[in-house]
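If you're matching positions, the sequence shown starts at 1 in UniProt numbering and goes up one per residue.
Some hints could be false.
Dumping the calculated BS3-like pairs for lysine-lysine here, alpha-carbon to alpha-carbon at most 27 Å [to be verified]:
no., residue 1, residue 2
1, Lys279, Lys170
2, Lys279, Lys269
3, Lys483, Lys496
4, Lys244, Lys259
5, Lys543, Lys603
6, Lys360, Lys277
7, Lys543, Lys651
No wet-lab data here; the hints were simulated from the structure.
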Amino acid sequence: MKFRTKLYGGLILMLLFNIIFLVVLIKMINQQNVTMNSLVSDLDERKLLASTIEFEIGNMGRELSEIASIPPDQVLPQVVNEWEQSRLNIRSSIETLGKMDSRKETQDLISKFNTIYKTYEEVGNQIIILQKTERNANFDKLIWGDVKRDRARLEQMTDLLYTLQEQEMKDQLLRSRQTYNLELNMIYIFVAIGFLLSLVVAIWIIRGLTKNLDRVTSVMSNVAQEHGSQFPRIEVSTKDEIGKISTAYNRMAQSLEEKAEHEKALIEKAEEHSWRKSKVAQITSMYTSVEDFTTLSRLFIQHITPMVEAHYGVFYIKECGNSDQRLVSRASYAFHSDSEISRSFHLGEGLVGQVAAEKKPIVISDIPDNYVKITSGVGEASPNYLYLLPAEFEGEVLAVLEVASFKPFNEVQQALLNEVMAHIGITINSIGNRMQVKDLLQESQALTEELQSQSEELQQQQEELRIINEELEVQYQNTQQKKEELEKFSIALEEKAQELALTSQYKSEFLANMSHELRTPLNSLLILAQMLMEKNTGNLTEKQLEYIQTIHSSGNDLLHLINEILDLAKVEAGKIDVIQEDVPFEKITTFVERNFSPLARQKRLKFSITLDEDLPNFLYTDEHRLNQILRNLLSNAFKFTDQGSISLIIKKVIQNETDPFISFTIADTGIGISKDKQQLIFNAFMQADGTTSRKYGGTGLGLSISREFAHLLGGFIDLTSEEGAGSSFTLYLPMIYSKESENQLPSHLETAAALQEEESHSTLRQEFQQDSNVIAEDSIREYSLMNGKKLLIVDDDMRNIYALSSALEEYEIEVFFAENGREGIEVLQENPDMDLILMDIMMPEMDGFEAMRIIRTKPEFQDLPIIALTAKAMRHNREECIEAGASDYISKPIDLDQLYSLIQVWLYR
């Protein structure tokens, strides 16, 4: 049996015995615990019942005493109930106690207790009945006689019951202690048995183990007495752990024997390595001071040949000529001169050349007798073995060694030759480099003398360069100073630019405020003048009518001047809208004919429009800006031409293949412009001379605005003129101009929604003056549908209210007015049947925007027409008015015909 099996068997046996012992012990302890718990619980409950009986008898006695003391009527039922509850508790407790304690003495005592208690209950019931009915002598007898006697007897029996229960508890505790002692003795017995069993198992295991170990120990103790490479063996007679140890020992002995043999081989190898290294060091140290190949070769061959027990040797070193490489013999050992043997070889030639070519050694045995002769004073013989090997450096063969011997070269000798040849390659390269350095040094010395003379020249040049460098340093300092001055100047320019931007903003705000303040009085002036011209009833003289026409014409001229100034401000600020679209040329010619043909007929001038045949159908540009440019140029042509002709020629111009242009040429036969004034006239407020404005009128802004608009559209204006022979203005515009205006007009800059058409209003009025009364009568008939309508005017300027009221009352319109938005809402609430509202925008207290929003919040006024009136007339102003609740929009100064048309449209939509 194995030692492990014995050990595990003994341990399992002891473990099994201990488990059985622990199970029995735990079971006994648990049983004892359950018995004790049950006993204590049962006895405690019986003692509690006995105490309860005693307590309730006392309660019944006290309650009967309370009944005897004549309690109030409201207390008596409560006392009776308590007595009854105590009685029931005693009955229940005595029955429970009788069931739990079945001993004879307990049952006899309970029987006696029940007999006496029954009498006690009957007496108590009689006392209660007498208390309720009539107290007499029998009542006192029962209270102080029977009740007292029976209570004392019951208390005595209760004490006996409690004593019996206590005695029972003592008896049970005594029995429990006896059981505990018995179980404790059993534990002692089990422990003793377990100890004896463990001792027997341990002795059995130890005896089996020590017997085999003694046998193994005796063999191992003899190992120390053995010397050499042989070790004793242990006979393996068992298959247990001792057998395994014996087998392992035998294997270890075999490994130690093999290790000893390996160590012996390593020692021999180390000795050979040490010998080889010492010889390599010896050879290496002898040519440390050699500086040429001949000396190196002689020393090397004289030492290496006898070291490897060779008897013949030749050392070849590679020499590089102009066209080939050869291995030349530099030294030899025991060499016999023979003219038939070559002293040099090319790569691949002979064995020497082949070794150099293949870069690996060659060993030859069984050499023929006539191959090589080793001679001495007593004779000569041929060697049997020949060994050739190369010397390399960085993969290049630099030398070849050839040695011969009568016996083979062993491994140690071959290893020594290989290692020595590896070192000699490095030495050859080093000596070659030193020889090259020596040659170069000689050349360097010759060059140094030449460089010395050149150095003197360089020093002279360096001195010149130093002087130049000082001059450059002075220039650099001047440049830095100028750079600092430029930075200061740049900062000053930035500050000036900010000042100019602020000045431009102030100018824009001034122009905006000026426009608003001028348009407001102009509105009432133009309306009243137009009313007087159109509603002439014959009570005005021709002279008075002429005065009125002059007032109206002057107002329009002033309005045109305001628009031109605002346009020039927008152009100078670079913030103006460009809306590009396809504009038909037919539409352009229609605009020109409608505006200038009447003027040509009035001035008796020949006016013609010519379109080139190869024109496209459309021109992609801003129609409004194009019309402004043409109107300004044609207005100037008609202004400065008293006789002759004026022509407009539109044609396609090809400046290059990729950029076609459209040209608009306005030619006239007027006064012309001298060459020195042709650039001047394009400046703002400038004309050809000071008398021009006095004779022909004008502000000198038209050409400035036209030139800027042309640049805005991607084109330009060209002028050709001779004084007294007329002028020719040519506008060039690209056919397709894709640049979009990135700058938008600032919100504070006010301008008209559309510039007033520049034409000679006075001339046109003179032509159609005779028809004014007829037009007025037609207008009255045309707008007669407005009769009887109720209209509210909301404006903070009484002049505008008066002018508009006067004009509207001509058509029998009932006019209401208010001076701000709040008053307007109040008037509208007082007159909810209002047909239309004219709402000014800029008003104090509540402006028109807020007033319209409030009106639109009321359901009854959501469909009421509201026309916005304002001197601010930008595109976004119209959008703001519509968004605030306006139905339509009209800018000041108000054209009455336009106003009448809008009113009629919204009244009957």
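Right, here's what the structure says about each hint:
Between Lys279 and Lys170 the alpha-carbon distance is near 110 Å, which puts this suggested pair outside the 27 Å criterion. Proximity of Lys279 to Lys269 is assessed by CA-CA distance (about 15 Å); at most 27 Å being required, the pair is judged to hold. For the hint pairing Lys483 with Lys496, the CA-to-CA distance comes to about 20 Å; that is within 27 Å, so the pair holds. Between Lys244 and Lys259, the direct Cα distance comes to roughly 22 Å. Compliance with the 27 Å bound is thereby established for this hinted pair.
The hinted pair formed by Lys543 and Lys603 meets the criterion: a straight-line CA distance of about 24 Å does not exceed 27 Å. A threshold of 27 Å between alpha carbons decides the hint, and for Lys360 with Lys277 the separation of about 22 Å falls inside it, so the pair holds. For the proposed pair Lys543 and Lys651, the alpha carbon gap of about 48 Å is over 27 Å, so the pair is violated.
Hint compliance for this structure: hints 1 and 7 are not met, and every other hint is.
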